[in-house]
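The listed protein sequences derive, respectively, from chains S and B. Residues 1 to 115 in the working numbering are what the first sequence lists, from first letter to last. Residues 1 to 110 in the working numbering are what the second sequence lists, from first letter to last.
FYI, nobody ran anything at the bench for these hints, they're computed from the structure. Note that beta-carbon positions come from the ideal geometry of N, C-alpha and C, so glycine has one too. One or more hints might be untrue.
If you only want the chain S side, here are some residues facing chain B, beta carbon under 7 Å, derived [claimed, not checked]:
1. A38
2. F45
3. H67
4. P70
5. T103
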Amino acid sequence: DAGVTQSPTHLIKTRGQQVTLRCSPKSGHDTVSWYQQALGQGPQFIFQYYEEEERQRGNFPDRFSGHQFPNYSSELNVNALLLGDSALYLCASSASRDAFGETQYFGPGTRLLVL
Amino acid sequence: GIQVEQSPPDLILQEGANSTLRCNFSDSVNNLQWFHQNPWGQLINLFYIPSGTKQNGRLSATTVATERYSLLYISSSQTTDSGVYFCAVGRAGANSKLTFGKGITLSVRP
């Protein structure tokens with residue numbers, strides 16, 4: 001049973017560029033959430049996708065956008081990169097049918113460095 | 001939004017010692033998870049425990065939802081227990097967005 005996978009593992013970009021990160025959820029899961037973790041901090045919620053729509057959103061600007069595909073995989077896009085976007089980006093998956101008693105599982109993350 | 005406070009921020013133990021990590025939260029929740037983040041950044045699920053007590057080997061956790069706190073107990077600590085421990089809470093079940101604390105950095109010395 002494959003867990004949550006993310007790609008790429010590492011990425012280096014320059015200011016102003018755009019980046020796309022990818023996530024495949026755990027088998028049987030249909031809900032994907034994205035988090036940003038700055039160095040020395042806890043993860044911060046960016047947004048959540050379910051049925052190919054953004055269902056919840058945290059306090060992040062519109063430069064951060066996402067997409068969910070029919071196979072439940074998801075992409076996170078960040079436009080006009082800033083130095084402050086350098087962080088570990090984590091994807092978590094869960095199953096909508098299990099409102100309680102099921103946990104969110106996290107992928108290994110993508111480390112983004114903006115120069 | 002919900003505030004999550006974890007204490008102590010740093011903890012240094014000798015191998016074999018026991019420890020208690022605390023998580024306080026500011027509002028009622030129905031999702032609470034404890035994670036261990038390894039040096040490579042992977043968040044490893046320890047417990048899903050919005051209320052009650054659970055045990056898994058040397059680890060156990062208790063959440064008292066009415067008093068808005070959770071405790072993670074580590075017994076007979078090992079060097080492999082080192083890392084950052086996060087408490088995360090949510091208000092809409094398993095699919096809710098999680099609000100994380102700042103984490104507790106645990107160092108276990110041989």
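- Task: Report holds or violated for the interface hint on P70/S, using the least CB-CB distance to chain B and a cut-off of 7 Å.
- Result: violated (19 Å)
- Message: Let's test the interface hint: is any C-beta of chain B closer than 7 Å to that of F45/S?
- Response: holds (4 Å)
- Quick one, is the T103/S hint okay against chain B at 7 Å, beta carbons? Interface hint status for T103/S: holds (4 Å vs cutoff 7 Å).
- Task: May I ask you to test the interface hint for H67/S with respect to chain B, counting a Cβ-Cβ separation under 7 Å as satisfied?
- Result: violated (18 Å)
- Hint status (Cβ of A38/S to nearest Cβ of chain B, threshold 7 Å): With Cβ-Cβ at 11 Å, over 7 Å, it is violated.
The earlier numbered hints that this structure contradicts are 1, 3 and 4.
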